[in-house]
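Participant: Each chain, written out:
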Amino acid sequence: MFVAKVTGSVVASTKVDSMVGHKLLIVEPYRIDPSDRKRLVTTGRTFVAVDTIGSGEGEYVLIVQGSSARLTPETKTLPIDAVIIGIVDTVQLDGGTVFNRKDAS
Amino acid sequence: MFVAKVTGSVVASTKVDSMVGHKLLIVEPYRIDPSDRKRLVTTGRTFVAVDTIGSGEGEYVLIVQGSSARLTPETKTLPIDAVIIGIVDTVQLDGGTVFNRKDAS
Amino acid sequence: MFVAKVTGSVVASTKVDSMVGHKLLIVEPYRIDPSDRKRLVTTGRTFVAVDTIGSGEGEYVLIVQGSSARLTPETKTLPIDAVIIGIVDTVQLDGGTVFNRKDAS
Amino acid sequence: MFVAKVTGSVVASTKVDSMVGHKLLIVEPYRIDPSDRKRLVTTGRTFVAVDTIGSGEGEYVLIVQGSSARLTPETKTLPIDAVIIGIVDTVQLDGGTVFNRKDAS
Amino acid sequence: MFVAKVTGSVVASTKVDSMVGHKLLIVEPYRIDPSDRKRLVTTGRTFVAVDTIGSGEGEYVLIVQGSSARLTPETKTLPIDAVIIGIVDTVQLDGGTVFNRKDAS
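These protein sequences, in sequence, are chains U, Y, W, L and F.
Position one of the first sequence corresponds to residue 1 (my numbering), numbered consecutively onward.
Position one of the second sequence corresponds to residue 1 (my numbering), numbered consecutively onward.
Position one of the third sequence corresponds to residue 1 (my numbering), numbered consecutively onward.
Position one of the fourth sequence corresponds to residue 1 (my numbering), numbered consecutively onward.
Position one of the fifth sequence corresponds to residue 1 (my numbering), numbered consecutively onward.
Only chain U is shown next, with the shape it has when bound in the complex (with noise of 0.2 Å):
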């Protein structure tokens, strides 16, 4: 799994069908600042995941990618690679805190 920032969705209208009624976000997966291990930065990568449990734009969340992203009540039988399973409140690191979901807007 990694950590990805909330950052847009998609719309598609033309869908295979099961696909219907699915929110489609844009997620960007965010690694540990190499310079100072301070905080998180951006990869710089782009990927659209399926989001089950209402998260929203501006958030951290946990993506799960492959075929475990079937394995939700959900996505069972969706034909998707990328699944939220979770929202970040916090993110500890070498004994300290890069992410506190309070702190960020």
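One thing to keep in mind: the hints can contain errors.
Pairs count within a copy or across copies, as identical chains cannot be separated in the list.
As the list claims (entries may be wrong) - List time: in silico DSSO-like cross-link candidates among lysine-lysine, alpha-carbon distance up to 30 Å: (1) 102 x 38; (2) 76 x 23; (3) 38 x 23; (4) 76 x 5; (5) 102 x 23; (6) 38 x 5; (7) 5 x 23; (8) 38 x 76; (9) 76 x 102; (10) 102 x 5.
If you are wondering where the hints come from, they were derived from the structure by calculation, not from laboratory data.
Go by the hints and put chains Y, W, L and F onto chain U.
Facilitator: For chains Y, W, L and F alone, kept in the frame of chain U given last:
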């Protein structure tokens, strides 16, 4: 999943029997332009994906990879690892619109 | 899937029993030349794929990766993650032809 | 699989039901130092993995990815793509020792 | 699959029960030297793979990744994503030999 632009197609007359009759499209993954975050730009990568929903060249589509590419009615038993599951109408980012199908030629 | 050029082969006499008798080819993934989009160029990566359709050195083929490599009749129970599913005749891009098997030596 | 260092943890109170009670650790993949091959160095990447064997921060662990992350008794039905399957005691390379848990603080 | 050189091993005494007794080897993926295409060179990446066929340090082997790593008799139920399926004798490229086990020390 990721957003990709359909830019071409592949013809292969000698192939695994089950693949006969399936449309193979060249797709190029796009990501958020890291310089200004105002548009989508190519990642420079090239994939081949099966299309089952009538995507055409020039369109932006949603691609699913891996075993989940077999989770659509038409692809259940195919030896494929990438399929188009939707045609992208709009991509919203940071509260604005970075892609609108109507504006794309 | 991706387009790759078959450039060689691997011989391994000590191997998992089920792999005996299967042809192992060196394949190099190709992508669209980012400078002019007029031809395919190597990505510089090297893979090994099983061939079941009679591909030969110098040919451009279509490769499927992951669990779907086991979705052909000959590979169903093999411990493999890449198989050749087609021999590429042509690749069309941006409305033109960037690869034609007849022109390739 | 790959060797990674456990450097932190993630808390997510809103999550998929089946994930409640599972420890989520920040892990950073390590590789052989290409300059002298005498030690392990970070790859600069950041993942999140589930721990089921009591790994602690600062330890080097063995990570498995993909569907196989569900092949442990505790993770069978979880929507996860990475799990810690062992705590690394030693890494031998080129006939010498490049990592020994006893020497790591 | 890919060709890799076995360069070391990992010992992990605390591990998932099913992994007890399985040999864990450090493997480094090799690719064709892009400068002259006359030999194999390391990609600089480091993986850990399970060995079931008696591979030794210094040997070049064939690695399979993902769920297919569980498609050998010994690994069927293991939480692993990489296994050695063959010991490489020769690699032919562009009509010549770029690797011969007899010449490798």
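Participant: All hints are to be evaluated individually against the structure, with a verdict given for each.
Facilitator: Hint check results:
For the homomeric pair residue 102 and residue 38, the shortest alpha-carbon distances inside one copy (17 Å) and between copies (28 Å) are both at most 30 Å. Proximity of residue 76 to residue 23 under the C-alpha cut-off of 30 Å is found in both arrangements, the shortest distances being 15 Å within a copy and 23 Å between copies. With identical chains, the CA atoms of residue 38 and residue 23 are at most 30 Å apart between copies only, with a shortest distance of 22 Å across copies and 32 Å within one. In the homo-oligomer, the alpha carbons of residue 76 and residue 5 lie at most 30 Å apart both inside one protomer (24 Å) and across protomers (27 Å), since each shortest distance falls under that limit.
Taking identical chains as interchangeable, the C-alpha atoms of residue 102 and residue 23 lie at most 30 Å apart whether they share a chain (25 Å) or sit on different chains (21 Å). In this assembly of identical chains, the alpha carbons of residue 38 and residue 5 lie at most 30 Å apart whether taken from the same copy (17 Å) or from different copies (17 Å). In this homomeric assembly, residue 5 and residue 23 come within 30 Å of each other (Cα to Cα) both inside a single copy, at 16 Å, and across copies, at 21 Å. For the homomeric pair residue 38 and residue 76, neither the shortest alpha-carbon distance inside one copy (37 Å) nor that between copies (34 Å) is at most 30 Å.
Taking CA atoms no more than 30 Å apart as the test, residue 76 paired with residue 102 passes in neither setting, with 32 Å inside one copy and 33 Å between copies. Proximity of residue 102 to residue 5 under the C-alpha cut-off of 30 Å is found in both arrangements, the shortest distances being 15 Å within a copy and 27 Å between copies.
Checked against the numbered hints given earlier, this structure breaks hints 8, 9; the rest are met.
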